[in-house]
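Trainee: Now for the letters of each chain:
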Amino acid sequence: MSDTTQARPEQKPALSSHEAAAPRPLWQVVLIRPEVMTLVLLFVAFGVATWLSPFFADTTFILESATFYVEFALIALVLTLIIISGEIDLSPAAMMAFSACVFAALFKAGVPIGVAMGASVATGALMGAFNGVLVLWFKLPSIIVTIGTLTLYRGLAQVLAGDRSISGFPSWFIGIDWKYWFGVPIPVVFFVLVAIVLGVFLALTVTGRQIYQIGTSPEAAWHAGIRVRRIKMSLFVLLGVTSSVAGMLTASRLASVRYDMATGGELQMVLMVMLGGTYIFGGRGSIAGTFLAAWLLIVIATGMNVANIPITSQLIVMGLLLIVSIVATNAIYARTQR
Amino acid sequence: MIRRTLLAALATGAAMIAAPLAAQDTVDIVYIPKNTGNPYFDSLVAGFEDACAEIDCTFSQAAPATAEATSQIPFITAQTQRGVDVIAISPNSPDALNQVLDRARSRGILVLAVNGDLVGNEEHRDAGILPVDFTKTGPNQVELLGSMIDYEGEIAILSATTDAPDQNTWIAAMEDVLANDPKYADMTLVAKVYGDDEPQKSTTEAEALLQSYPDLRGIISPTTVGIAAAAQVIQSAGKADQVKLTGLGTPNQMRPFVKDGTVQAFQLWSPYNQGWLAAHFAVGVRNGDIEIAPGNTFEVANLGTVRIEDKNVINTQAELTTFDAENIDDFDF
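Heads up: the sequence lines are chains W and F, in that order. Start counting the first sequence at 1; every next residue gets the next number (the working numbering). Start counting the second sequence at 1; every next residue gets the next number (the working numbering).
All clues given are correct.
Using C-beta positions, here's what the derived DEER-type ranges look like:
no.	chain 1	residue 1	chain 2	residue 2	range
1	W	Val40	F	Leu303	53 to 61 Å
2	F	Ala53	W	Val159	49 to 57 Å
3	W	Gly114	F	Asp102	25 to 33 Å
4	W	Trp27	F	Arg103	39 to 47 Å
5	F	Gly116	W	Val206	52 to 60 Å
6	W	Ala57	F	Asp260	56 to 64 Å
Quick look at which bits of chain W chain F covers, simulated, 3 or more residues with Cβ under 8 Å:
no.	stretch
7	61 to 72
8	164 to 176
9	246 to 256
10	303 to 310
Note that these hints are calculated values from the structure, not bench results. Note that the structure is a prediction, hence the values are computed from the model and not measured. Cβ coordinates follow ideal geometry from the N, Cα and C atoms, glycine included.
Using the sequences and the accompanying hints, generate a full structural model.
Mentor: Here it is as structure tokens:
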């Protein structure tokens, strides 16, 4: 008896160290976040691009080039939320095309341009809702559903617009990428604002935190009283709406709409989310990561273009980058998961 | 002091090297093809390179990975940023490039559409350099086939799709000369069939032609897929002596059939000449020797007098180039 009572004080330190591990030093907590890797890569890429070509380090040029990618980047921000919630959507590029075709076809048919824009946004919301219904009510895997609707929405766009391009928009609508707000093209301003709003929403609001819980364990989230289905449905609809906005930004930039708008864009969007350190199986990731990754892609693509690097080498760099980012993200999460 | 002298010497040296470079007003040309790894455009690039080896220009190219409508846009912007003098482009879209080309032009860059034009949007480029005068394509083909069959007998046409705009224009011109030129009075067009530019369907249609018209003397196939399929059919049937085949094909694709005698001769334009002409034209415009206006003419080595047509279109060749056993090995595209 006395032995045990005497032993207790000796065991105590061992017990407490088991129950609560010593907190990690701050530098480790910071370094272990995958966005930090994206940020480091961004600085490296900027340095290399400046070294490769004397024409690169020019803010006006970089911002102008950014307008080619922010449409996808905008969608990638919302896609980040969907991937964190444990789903995926591969149809946004096709949603861009179809909603832009709806806008252009209605405008051509004499509908006032404001109404045509509204109809385009509504079409985006409907397409997003359709994805959501198939995934959430019919319980189908989102990757399969959206590979299907990717083809479906692109097909609808082709039926609506045919093989020709639709143009002739009023001059105020054309060239939004060439209009500036404090020296920054409007689409880029828009991208930054949306990133801030979504970043705050995801990190600081209750619903934002619930998205992480859903992605980590949908059952646990459901038992905890989180409205899993409603939140996921809202995200799918939001992605459809964002795609429609991105489609109209593209229409304004190109001054024309074709059914093949943004073909293959879904891969770039997923690339941005992955590069930003969002975990493909959900539960982890951040808007800041996707935001930085979008700029990383812009800097890399623009830098290599202006240095006249052949496209074959560019593709190899992009492919390697994606693999490195996925391996690194997985390694980081595997370490912190324990 | 010594350091300063050294620096001054270095600076003078650098200035001496830099000065002649700056004084030379070399025209900086970049060409943006539809996509990378396409032998047709490689041949066009060779034309640019050879021209810039002889006249005062430097040449580079920047190609996107895919021929998707907007894939060339970042490349145009990057070249504008690099401050090149001339952007020559084979556009992937007749209108998606309008805005970005306008920006390049607003910075004083000469924009040339090469091999294909911005149809309906010609005001967004300075001039269009096209392969050949397409009004001569149909008559050229009839003449070539006629010369092979002594201008008499039944002939047929194997085309692409029923609504292919280029092919239909050429076929209309073929029908026109067959009907109206007494030289071709003894040649009868018995069939027009469509292989949809698919190898399988083109093969089936060519086989059907040989079956249905036992007296057939010749086939014109004004499409690269059709002529290759028809050549394969005639080769397999061993009818090269009976049925003469001609049309539009590329030398690399038709080489084996020309070597074994299945096809005597076929035609196309030369992408090489387009690159050669575009470089000469660009340098001429930059140096002020050529003014871009319809009706103006200028001289180009090896090509002779070239005329600027309506909408600032320049046809590289008046007539098609004929490829046969004699010259086919001079071409690689």
